[in-house]
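> Keeping the supplied structure of chain A fixed, place chain B upon it in accordance with the hints.
2 protein chains.
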Amino acid sequence: MRKNVFYAHSGGVTATINATACGVIETARQHQNDLGGVLIGKNGILGALNEELIEADHLSNEEVALLRDTPGSAFGSCRYQLKSPEDNPEEYQRLFAILKAHDVGYFIYNGGNDSQDTTHKIALASQQMGYPLTCIGIPKTIDNDLSNTDNCPGFGSAAKYVAVSIREAGLDVASMADTSTKIFILEVMGRHTGWIAAASGLAAEKMGDAPHLILFPEVPFSLETMLVQVKYCVEKYGYCAIVASEGIHYPDGSFITEASTHLPKDAFGHAQLGGVAPCLAAHIKKAFAYKYHWAVADYLQRSARHIASRVDLDQSYLLGKRAIEAACAKKHNIMLTLVRDSQQPYQWSVGEVALEKVMNVERHLPAHFISDNKMHITKSCRQYLEPLIQGEAYPSYSNGLPNYFDRTLLRLAKKKYSLNQHNTLETARTY
Amino acid sequence: MRKNVFYAHSGGVTATINATACGVIETARQHQNDLGGVLIGKNGILGALNEELIEADHLSNEEVALLRDTPGSAFGSCRYQLKSPEDNPEEYQRLFAILKAHDVGYFIYNGGNDSQDTTHKIALASQQMGYPLTCIGIPKTIDNDLSNTDNCPGFGSAAKYVAVSIREAGLDVASMADTSTKIFILEVMGRHTGWIAAASGLAAEKMGDAPHLILFPEVPFSLETMLVQVKYCVEKYGYCAIVASEGIHYPDGSFITEASTHLPKDAFGHAQLGGVAPCLAAHIKKAFAYKYHWAVADYLQRSARHIASRVDLDQSYLLGKRAIEAACAKKHNIMLTLVRDSQQPYQWSVGEVALEKVMNVERHLPAHFISDNKMHITKSCRQYLEPLIQGEAYPSYSNGLPNYFDRTLLRLAKKKYSLNQHNTLETARTY
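Same order as they appear, the protein sequences are chains A and B. Take the first sequence: its letter number 56 is residue 55 in numbering that gives the first Met the number 0, and every next letter is one higher. Take the second sequence: its letter number 394 is residue 393 in numbering that gives the first Met the number 0, and every next letter is one higher.
Hint data in this document are derived by calculation from the structure and do not stem from the laboratory. Note that the structure is a prediction, hence the values are computed from the model and not measured.
Computed footprint of chain B on chain A; a stretch qualifies when at least three of its residues, placed anywhere within it, have a C-beta under 8 Å from a C-beta of chain B:
#, region
1, 75 to 83
2, 154 to 165
3, 176 to 183
4, 299 to 312
5, 384 to 395
We put the beta carbon where it would ideally sit given N, CA and C, even for glycine.
Chain A extracted, bound-state conformation (with noise of 0.2 Å):
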């Protein structure tokens, strides 16, 4: 009567993700009446496919809220697509044995575009194959480049980091400008998108404000153009602060950290090893020999939990209790929403959208997001992004470090379904 849900991960993971299934957790032990218990699948849909299960019901209460608090996945997350069920039978048959083994009747996926496309897929084959399952999707993704929604959880504690930290980091050159470092680049995640780029603009409040420069992946890269303007806020405001989107390319669509004829190789003959902030530094130092220095933010941008977004956070739990309300209303098929009901104030609210609606395309910043010399961005676009930066959400400290969720709590819930050596299901058994 009473089935479980199933929830998971999928694609990059998030400084509030783990919020997002703390709401999914606390509002279905507030629906026991509707729901059974809550199975997370380890890895996303890997969990479900290998039948790693994570039971819900084993966290305290005390447990399940410090989730609110962590970043990254605690029940991990991947990036593994669903075919077709025609191109792979097998596997959506594994998929419904192992969902029915566990009296799966609700199926919540939390993740970017690929992952609604394969919530979607699911949708489908249940209809077909008969067996019931309500699915819903939540977006999720720091690039904020989902469309169907006004913005993406996890975006604005992305956002926050870079603002705070460009405008630490150009209160730090400023200091020594005169005798030293003159140029610093801070290079941020968006390999297709502009968004967390565009955020650190944010931080530039007024004129000479750091940083002076952005540049985004949407802007077709030129050495000439960003030299000149290097040296003219070198010469106005003594030092230039550069945040740099690591997906720069040139307008051959060449990234700058791959085009032969730019771009120091590695010994190893890769062309991961420098990051763009290096090679543009390089750059610049050929040109004006001004020093410089740079900063590689990475995995830090996504993880960092310590100055979250409040407004992201509030939106990334709400988004989770709305999923296991919508499961209980047997909203099938639907992915919610992020819906800006009002500019200023800033009010939004939790929407929803067909899945066979979500547009599986990236989201890019519009062009009346960037400025006029295509390094900066515009008012339209900070009065975009401001709303979702609002607001500290600090996690507790022991010990003169944040309190974060412990992955070893963990427990798998009992296997009912063993896989042979072809990784494909055998008959069920009883253990």
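Below, chain B without anything else, positioned relative to chain A:
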């Protein structure tokens, strides 16, 4: 009668050096019967030599209070080293002429070993030149490598930043290690000493926690040994999170980013391009083909006021306060120190040492702070470090971003001298 105070910042800046300035200015305002105003050197001692003196009197109490929350140096810093009076008598003549013109009777200099040396030279010169000047040094460096003091202001906040960051990034890597990135490397500062790298070890509170390996400049780098440990960690914990000091080097003293047989050279022939982190990552990839990510914290770690250590902030502030009190007490020719009065519970106080006794040596991590495998910290090291990252000291926020001091508020004191084209003093002029 009431002489002015000259105060300035020297060397690399920190997240809390402005807190010391706050302590100086606020305390000087409480001693107006004894002291005149506070004149702050723009860019350290250069401000005195160039007669660029910032008047603290122009700042409101609220503005001064904001210094406590602001990273970097609001007044600028420099790495300028005075020669001896014998080698450059003109410089001393200029310095004392300017101090005299601005009625300075107290000289407080905040910096590392070099800066204490500068203070000592000026103290001696003041006696030789018959110009009464109370000289007081304040220690400061994120590197924590000064002798004569238990720890250095600025270090605790950098330490907290790297420990928090590697804990967070470790959770991120753990989330996807089964199917994706298995290696994460965070490069931290510390060209000659491993104190910052060591601090990251605080995050590893139990077996398996990040960081798994710490690479210190005190330990000659062995690629083979590191690779063995990396493999062990990946097999045992599923991933390996490494913190590497920028200063690690091979037994022959060459930095790992320099050694031509090991290192990729960049297209411009600079060694600066690649960092330690990407270099290590390439070696690990070559050996095991593990997917990797790396981050370089650079200035972010020394400007991260948003996650400053409360203990560090309190110590930084109190040193400023004590410096003024020492000035009022005419305690000439000393450097203030931080003293650990008790380990458990941690209790500290401000002490002092004669400037002539300040040893101009770098304090390295002692052998008993480094674990048997040379790639982690010992319990003794943890006991030493732990108190220094205690407590949070969040700045205030507006619009989602920290409120920091606005440098454009600063006003220079009226010049009383002018420099001729040879950059030496002309005769005094009246304006």
